[in-house]
Every structure is written in structure tokens, then in C-alpha cells.
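Peer 1: Protein chains in written order, with our numbering: chain A, 1 to 159; chain B, 160 to 564.
Worth double-checking, as some hints may not be accurate.
Unchecked claim - List of simulated lysine to aspartate or glutamate pairs, DMTMM-like, C-alpha gap at most 25 Å:
id	chain 1	residue 1	chain 2	residue 2
1	B	428	A	51
2	B	428	A	14
3	B	326	B	201
4	A	129	A	141
5	B	428	A	75
6	B	193	B	383
7	B	339	B	415
8	B	188	B	383
9	A	129	B	427
10	B	435	A	62
11	A	129	A	62
12	B	339	B	488
13	B	339	A	38
14	B	428	A	68
15	B	428	A	39
16	B	326	B	432
17	B	193	B	332
18	B	188	B	472
19	B	326	B	389
20	B	339	B	540
21	B	226	B	201
22	B	428	B	472
23	A	129	A	14
24	B	435	B	487
25	B	428	B	332
26	B	428	A	22
27	B	326	B	488
Hints were generated in silico from the structure; no laboratory data involved.
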Amino acid sequence: MTEANDWQIRAEIEALYARSAELLDEGPISAWPSLFTEDGSYKAVTRENVDQGWALALMLCESRAAIEDRVYAIEHLSLTIPRRTRHLTSALRIAPEGNAWRVEANFVMFETLAGAQTVCFAAGLYRDKIVRADGALRFQERTAISDSALIRNSLVIPL
Amino acid sequence: MRSWPGNGTHRVPYWVYTDPEVYADELRKVFGGKSWNYVGLEAEIPEAGNFKRSKVGETSVIVVRGKDGEISVLKNQCAHRGLEVCRQDYGTTRTFQCPYHQWTYRLDGALSGVPFIRGVNGHGGMPDDFVREDHNLQRLSVTTRHGAIFASEASEMEPLEDYLGPKMLALFDRVFDGRKLRIVGVSRQRIPGNWKLMFENIKDPYHASLLHVFLVTFGLFRADNPSRTEMDSTGRHSALISRRSTNLAPNTATQEMASFHEKLELHDKRLLDIVKEFPDSATVVMQTIWPNLIVQQQANTLATRQIVPVGPEAFDLVWTFFGYEADDEAMRARRLRHANLMGPAGFVSLDDSEVMDLAQRGIHCDESGQALVEMGGRGTEDHDHIVTETAIRAFYSYYRSAMGL
């Protein structure tokens with residue numbers, strides 16, 4: 001891969017991350033599953049479980065269909081106190097793997113409950129596998145690993 | 160000194176959720192009293208030298224498996240100056256050493272090393288009458304049953320079997336049936352509400368059939384499901400036992416549920432691919448064990464939930480999801496998938512953590528208000544339905560006697 005290509009793919013991946021943050025924070029969250037391949041998976045886990053070798057996830061979606069179910073529940077089924085989130089992503093480490101890219105990045109998610117101050121809800125690491133499908137980059141795997149094991153009350157919006 | 164308003168427990172004064180003095184009393188009489196506090200599962204510390212950090216009330220404890228396989232529960236506090244000697248949630252070690260002055264303890268808590276105990280070059284050292292054996296890590300009473308570990312600060316504890324009573328023991332043994340357990344993972348959340356709200360939530364099947372769209376719509380828990388609400392003879396433990404509906408058609412029970420979604424269908428149906436795994440017909444059993452444990456079986460997700468109080472207006476809920484060592488690959492995958500229902504992001508339990516936040520906000524500054532707990536009457540007897548708050552009344556009946564309120 002040439003250096004020019006490196007910068008091109010980095011820009012494309014950063015655009016995917018920006019779009020993901022935009023859909024989660026500004027909506028419509030119902031469009032967020034479209035950033036995944038049909039067989040794409042999303043997991044939110046804590047570092048404690050990763051370190052202990054335990055597979056438990058806070059959220060486990062093993063298909064785009066399951067991600068659609070999660071998003072539908074957030075929008076229509078769950079009783080939640082109104083909130084706003086803000087996802088920041090930085091320090092992307094990109095490694096090509098065949099036709100895919102393995103990407104690690106740092107993330108922070110802030111949360112603002114209605115009437116309350118903004119708090120840092122989670123900080124952690126994304127471990128992603130990104131592929132080109134139907135003409136666009138999409139997540140085939142996205143795992144968000146929270147540094148803290150202790151969640152501040154409820155995890156509503158995906159990390 | 161506070162006094163409980165009126166007779167019975169069909170009204171609960173809001174100060175039990177907010178008063179710092181009541182809370183301090185609870186730490187002494189409820190968590191620190193004659194109670195078997197759940198502290199973990201043996202499968203979390205399977206090998207000699209494995210330890211986990213846990214809590215009894217607000218007290219930090221180390222749950223550790225010794226060289227002989229015996230489990231000790233030690234107060235996590237150096238006998239010298241009171242530091243926490245164990246600084247990790249899980250680990251493996253041969254000794255616990257306080258970082259401050261390197262006092263060293265064996266896995267059973269015995270103090271084995273005090274640097275400069277006889278001084279240096281004739282200077283200093285501990286007094287001649289210092290007896291090392293008098294300064295061990297404090298050991299709590301410990302009992303285990305079929306893989307679950309309980310501890311108590313009281314030295315004279317009744318056997319766990321008597322503590323639970325025959326009805327609750329049988330329900331406990333339903334999930335903890337002696338098979339070896341396998342840890343699926345741990346979730347932790349800090350809920351901004353009084354710890355008793357968590358027990359009330361699980362002892363309140365009335366809300367479950369209304370608040371939880373997920374449960375109701377998919378028939379996992381509905382007011383018209385065959386159900387029972389049962390207590391032990393003291394009222395301190397309870398269980399909700401229910402069987403999933405196969406007929407999900409709307410009816411009189413769903414008419415009053417604002418949240419019922421008749422047309423809802425999952426895109427990925429594996430989430431509710433439920434397999435019968437217990438001999439009876441119940442599909443959900445939620446058991447609460449005084450003073451800090453919930454045992455959850457809903458679909459194929461099994462978990463203990465440990466309630467850890469953090470002041471009067473917050474608690475940590477520690478979920479340990481588990482299965483059995485004999486689970487095949489399909490069951491392991493299923494348990495992970497069904498765990499989506501529960502935990503800090505659970506399709507079901509998310510509603511509860513949000514509601515507990517709202518409850519605490521609502522009662523936070525109300526000194527004279529009272530909760531109304533009269534669904535299903537004012538008594539504390541077992542019911543063969545779930546349109547009742549009887550288990551909450553039974554809980555407070557025992558709570559009043561334990562607290563002297």
C-alpha cells in the first residue's frame with residue numbers, strides 16, 4: 001500500500017467513525033445499524049471481563065438484525081430518563097488484514113441526563129474490523145471495551 | 160429516634176430511603192447483624208490462592224481459597240493501620256501484603272510477617288508483649304452451598320439451610336443444584352437509589368407486568384401468566400415464580416398495559432430462543448435472599464445480583480452471570496445472548512435502574528411522605544398470583560423487627 005493510499009483509507013475510516021458518532025449522538029439512531037455489514041456484530045464489554053476471560057457483554061448483537069432490535073428497543077420500548085450522549089474517538093491505529101482493516105481507537109462517551117451536568121460516562125477502546133461492502137466502509141465487528149467495570153446506572157446508548 | 164408510622168407495613172415512610180442514621184443502623188443491624196451476606200461464587204475462585212474482593216455491607220472483604228481448598232472471608236483491613244491490603248478485584252496470590260509497612264498475612268488471614276518486629280541494631284521494634292497471633296486479618300463466618308459463598312460478621316450463625324427455611328431452600332437448590340458452575344461474566348452498575356428499592360423491585364411483580372414492554376410483549380412475564388408469590392416463615396426472603404404464556408393474544412390483562420406492543424417482532428429471533436432446563440414448569444424464578452442477594456432465572460439467563468449499599472441514596476448492583484460446566488456450546492451462546500435481557504443495559508432491567516433513579520428523586524426530600532403498598536391487600540401471606548405487593552410488606556415486616564423500628 002502506498003503512503004497516499006494510507007491517508008486515503010485513514011480519512012475514510014475516520015469518516016465512518018464520525019458518522020457512527022453522529023448517528024448515536026444526533027440521530028437518527030435507527031440509521032446506525034446501516035453502518036454494519038449484514039453479518040456485522042456489535043459488543044459493549046468491560047475490561048474486567050476481557051481480563052478474566054469471560055465472554056459476557058453489556059450489549060451483545062451478533063447480527064445487523066440484532067443491532068436493529070437493540071436500536072428499536074432504545075427508541076420505542078425502554079423506559080429511560082431523557083439523555084444526550086457525545087462520542088469522541090481518537091488515536092486510530094489501523095492495520096490492513098486481507099480485504100479488511102483492523103482498527104483500534106480510544107473513545108470517550110459523555111452523557112447528559114435531562115436537567116443534569118454532563119459526566120464522562122465511559123472511556124475505553126474500540127476494537128473493530130472494517131470491510132468494504134456495497135460500496136462503503138462498514139463495521140463487520142465493533143467491540144467497545146469500557147475501562148471501568150462500574151456503569152453509572154444504565155447503559156442506554158451504545159458505547 | 161424514628162418510629163414507624165402506624166401498624167403493619169402497607170405504608171412505608173420515605174425516610175427509610177434517605178435518613179443517614181437509619182442507614183448507619185442498617186449497616187450494623189442488617190448487613191453487620193445475624194445475616195448471611197452473599198459474597199460470591201466458588202467458580203470465581205476455583206484454584207488454591209485465587210481470591211476476589213467483595214463487600215459485606217460497606218465493608219471490603221477478601222474471599223480467598225486457601226491451600227487446603229477451604230474458603231476464607233477476611234476483612235480487607237491491615238491490623239496495623241487499617242489499610243486495604245488487597246487492591247485487586249480478582250487475582251491469585253500466596254500471601255496478602257500491606258504496601259505501607261509490608262505486614263504480611265497468610266491466605267487464612269494469619270499475620271506471618273512484621274518487618275523490624277525486634278527492631279534494627281537494637282533500636283525500636285514492637286513492645287515485648289506484642290503477640291503476633293492477636294493481629295490477624297479479621298475472619299468472618301463463612302458458609303457455602305452448592306457453589307454460592309456467604310459470610311457474616313456475626314460469630315454465632317444458624318446454618319444457611321435453617322436461615323433460608325425449607326421453601327426458600329428448595330427454590331435456591333433449583334438453580335444451585337450441586338452441578339459445577341461456570342462463570343459467564345460480571346456486570347456492575349451504581350444505581351442512584353436506596354438499596355431497599357432493589358429488593359422492592361424484585362418483590363413487586365405488579366410493576367413487571369406493566370413497566371417491562373419486553374417481558375409483557377413476549378409473554379416472559381405477564382399478569383395473566385400462572386404465577387406464585389412466596390415467602391419464608393419470617394418474610395425476609397421471597398420468590399416470584401411464573402410460567403411463560405404460549406398464548407400471546409391480547410386480552411383483559413393486556414388491555415390495561417399501556418406498553419403492550421402486539422405487533423412487535425424481533426429481527427434476530429435468537430434472543431428469545433429459550434430452552435427448558437429445569438424439571439418444573441416455571442420459566443422465571445426471581446428469589447430474594449436477605450440481606451443482599453437476588454437469584455435470577457429468566458429464560459436461560461442465570462445470575463446472582465449482589466446488593467452493595469453505598470450510602471443511603473446509592474448502591475452497587477453486582478451481577479454474576481453463570482451457567483454450568485456441563486453446558487454445551489449452544490447453551491453457552493444462548494446464555495450470553497439472553498444476558499441482553501439483564502444487566503446495566505438489559506432490555507428488561509434497564510427500565511428498573513431508570514425507575515429506581517426516578518423513585519429516589521421523588522422521595523429524596525420528603526420527610527413525612529409514605530409509600531402506599533396495598534396491592535393485593537395489607538397482609539403478608541403467600542399469593543398464587545402476581546397482582547400483589549405482599550412480598551414487599553413481608554420484607555418490611557421482618558425489616559422492622561431487625562431494625563427495632
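Peer 1: Run the distance test for residue 339/B versus residue 488/B: straight-line Cα separation, threshold 25 Å.
Peer 2: Roughly 16 Å separates the two Cα atoms, so the pair holds.
Peer 1: Is the Cα-Cα distance between residue 428/B and residue 75/A 25 Å or less?
Peer 2: Given pair residue 428/B, residue 75/A holds - Cα atoms ~19 Å apart, limit 25 Å.
Peer 1: Holds or violated: residue 226/B and residue 201/B, Cα atoms, limit 25 Å.
Peer 2: Roughly 15 Å between the alpha carbons, so the hint for residue 226/B and residue 201/B holds.
Peer 1: Is the Cα-Cα distance between residue 326/B and residue 432/B 25 Å or less?
Peer 2: violated, 30 Å
Peer 1: Run the distance test for residue 188/B versus residue 383/B: straight-line Cα separation, threshold 25 Å.
Peer 2: violated, 39 Å
Peer 1: Would the hint linking residue 339/B and residue 415/B be met if the CA-CA limit is 25 Å?
Peer 2: This hinted pair is violated, its Cα atoms lying about 43 Å apart.
Peer 1: With a cut-off of 25 Å on the C-alpha distance, tell me whether residue 339/B and residue 38/A pass.
Peer 2: Distance of about 37 Å is beyond 25 Å: violated.
Peer 1: Assess, step by step, whether the Cα of residue 428/B is no farther than 25 Å from the Cα of residue 472/B, and give holds or violated.
Peer 2: violated, 38 Å
Peer 1: Does residue 487/B sit within 25 Å of residue 435/B, going by the straight-line distance between their CA atoms?
Peer 2: holds, 14 Å
Peer 1: Can the restraint linking residue 129/A and residue 141/A be considered satisfied, given a maximum Cα separation of 25 Å?
Peer 2: holds, 5 Å
Peer 1: Assess, step by step, whether the Cα of residue 428/B is no farther than 25 Å from the Cα of residue 22/A, and give holds or violated.
Peer 2: Distance of about 28 Å is beyond 25 Å: violated.
Peer 1: Given the proposed pairing of residue 428/B with residue 68/A, does the C-alpha separation stay at or below 25 Å?
Peer 2: It holds: about 12 Å lies between the C-alpha atoms, which stays within 25 Å.
Checked against the numbered hints above, the structure breaks hints 1, 2, 6, 7, 8, 13, 16, 20, 22, 25, 26, 27 and satisfies the rest.
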